[in-house]
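Using the hints provided, position chain S relative to the given structure of chain F.
Residue numbers (my numbering), protein chains in the order written: chain F, 4 to 273; chain S, 66 to 401.
These are calculated hints, taken from the structure and not from any lab test. Treat the hints with care, as some may be off.
[What the hints assert, rightly or not] In silico BS3-like cross-links for lysine-lysine, where the CA-CA straight-line distance does not exceed 30 Å:
1. Lys-86/S to Lys-102/F
2. Lys-102/F to Lys-167/S
3. Lys-217/S to Lys-173/S
4. Lys-76/S to Lys-334/S
5. Lys-98/F to Lys-76/S
6. Lys-98/F to Lys-83/S
7. Lys-140/S to Lys-69/S
8. Lys-86/S to Lys-98/F
9. Lys-195/S to Lys-69/S
10. Lys-140/S to Lys-98/F
11. Lys-98/F to Lys-125/S
Residues per chain, in single letters:
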Amino acid sequence: MKNSNILSYILAIILAIIFIYPLYILILIAFEPVSLTFDRLYPYQLPFDFTLVNFESSIKDLSLITPVLRSVVVAFIVAILAIVLSTSAGYGLNKISSKFSNKIIVLMFFANMLPAIVIAIPISVYFIKLGLYDNVFGIALAQELVVLPISTFIMLGGFRALPVDIENQTNIDGANLLSSFRYVLVPLIRVPLIITFLLAWMTSWDEFTYAIIISPLAPTFPVSLYDYVSRGDPFISSSFALLVTIPVIVIVVFLQKYLKGEYLTGGMKA
Amino acid sequence: MTYKMELINLKKSYNSVKVLKNLNLNVNEGEFLVILGPSGEGKSTLLRTIVGIEQLDGGKVMVDGKDVTNRPPNKKNIAMVFQNYALYPNMTVYENIAFPLKMAGMNKTEIKTKVNDVAKLLKIEDVLDKNATRLSGGQKQRVAIARALVRKPALFLLDEPLSNLDARVRYTSRQELKRLQKELNYTFIYVTHDQLEASNLADRVAVLHDGVIEQIGTYNDLYEKPATKWVGDFIGAYPMNFIDGNVLNYPDKIIGFRSVWTTNGDTIKAKINLIENSEGNYYVHCTSGESNIVIKTKDQYSVGDDISFDLTRFNIYNNGVLEDVKLTEYYKSEPS
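Extracted from the complex, chain F is given alone in its bound form (with noise of 0.2 Å):
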């Protein structure tokens, strides 16, 4: 009992280290001086120095500001559009069948099993005819096929835990399907609506492929990170990565609080 206890505590130590590695390298190079990370051939893996050079320069540099401010603005697009999207998906499939509506999914994520290349060219073509290229909403747009197959997934979950009889007795007491939505059902799809929204964000803030081939001249972040670092920047790179993972961070963990199994299953007896 106990042994077992110590070595799920083991466990759970040696994944956070796997998981937590790379943030903690991306922290080392960003406060390192360049002489102990990038210039030795075996960098070291323990702090010895701190600097604030990178920051300095990565802070004085500008050029990245507005990548990042469009990255964030095509991030909350592609977040509401999902939502937008997907809960009403997810209430249409949880009126049909799941005989029918579990196909459904499937299909969405057909889109999916293409790799991103194959599918991003010929969106781009119809895309530059659209005025969509180069276009903060062509991006989005373009991520919501990443996005949407998961996110109905996810709400359809949601609206599939609410006991039916509970939107019944919204009608039966006079609610119309707006307020129907806006006094209850949306209160109690709260959480699955706040992974939507996490997911969606934080998948369009790391997509890359449709990215910088819909809209290779006005990039997003990571396509023009890429470009510092493959032009040999990336100290400063680095440092401005944490920069903006910080508010990421923060992000989750605010959020983290709603994300708690609780709220789905209180009120209704089986």
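Structure of chain S alone, referenced to chain F:
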């Protein structure tokens, strides 16, 4: 404030399964009507189609002489209490009860007086600020009824509202429900599979079987004069006994009688298979001719004995339908 309702030729089927087949039912003003039937006979479906959360395939729902069949649920002015109460878990008790009024666009002060009034009526004033999920089963049920009452609907539909409660709470809730209905003089339609609830609550009981109302009447009517063999079999703690009519010189007919309609005698003979002791009385399961019957007696027998008895009264069934009700020479106006 009380309304009558008529259901005319209601039809509903799921895929190929016909749940309601031309169902007709009249409910009087201020009546407590209980719809009784075994599980899976479409009792809940009937309520759901009346209130409109499920579509009818045909037929009409008339409330107070007006056809409301095609109105959406939120325009029907029919309240319904679900078996699991369907309280809104994201709201307090107060907000739950206030919800129908809020949807009706009532102003805040008016809502407040109405909610407080109905809370007082149902004795839930002290839990108004609690979250709906933090209540006991009995309180949840009261809140659900309060939410239905507060908007003064034309009709109340209740779908087995007591079945999730403990035995003791169920007893008190039952009395309270009856008191409430008589006091407010509302029309209640109450669905249950529990005969005790039906006999306790109902002004009239409608037995739902095979998609139609098989019989409607007071519980005593259903008990003493079941219109069909099926109703006789279904109603009562023990099913009605059915034996061959030849025994009492009714050839080609079936005789039906209750376990308690027996007295000492030697007209009918049977062999005992099983004896149940129930609070000083014995329920004797025995075989008479081809049929298995149950007889109540005060005398002690043992398994394998022969038993003979006479009937104080019996019903005659022809092709499964009640034809005649007979009281015999042993009948006393106060049956034991």
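Original post:
Is it true that the CA of Lys-98/F sits at most 30 Å from the CA of Lys-125/S?
Top reply: Given pair Lys-98/F, Lys-125/S holds - Cα atoms ~25 Å apart, limit 30 Å.
Subject >> Hinted pair Lys-140/S and Lys-98/F, Cα distance within 30 Å >> reply: holds (21 Å)
**OP:** Would you check the hint for Lys-86/S and Lys-98/F, treating anything up to 30 Å between C-alpha atoms as holding?
**Re:** At roughly 25 Å apart (the allowed maximum being 30 Å), Lys-98/F and Lys-86/S satisfy the hint.
Original post:
Given the hinted pair Lys-86/S and Lys-102/F, is their alpha-carbon gap at most 30 Å?
Top reply: Holds, at roughly 28 Å.
Original post:
Between Lys-217/S and Lys-173/S, does the CA-CA distance stay at or below 30 Å?
Top reply: Roughly 17 Å separates the two Cα atoms, so the pair holds.
**OP:** Verify the proposed pairing of Lys-195/S with Lys-69/S, using a straight-line Cα cut of 30 Å.
**Re:** The hint is violated at about 36 Å.
Original post:
Between Lys-76/S and Lys-334/S, does the CA-CA distance stay at or below 30 Å?
Top reply: With Cα atoms ~46 Å apart, Lys-76/S and Lys-334/S exceed 30 Å; violated.
Original post:
Is the Cα-Cα distance between Lys-140/S and Lys-69/S 30 Å or less?
Top reply: The hint holds at about 17 Å.
**OP:** Compare the distance between the alpha carbons of Lys-98/F and Lys-83/S with 30 Å, and conclude whether the hinted pair is satisfied.
**Re:** Holds - the C-alpha atoms of Lys-83/S and Lys-98/F are around 22 Å apart, at most 30 Å.
**OP:** Please work out if Lys-102/F and Lys-167/S have their alpha carbons no farther apart than 30 Å.
**Re:** Violated: Lys-102/F and Lys-167/S sit about 37 Å apart, past 30 Å.
Original post:
Can the restraint linking Lys-98/F and Lys-76/S be considered satisfied, given a maximum Cα separation of 30 Å?
Top reply: holds (22 Å)
In this structure, the earlier hints numbered 2, 4 and 9 are contradicted, and the remaining ones agree with it.
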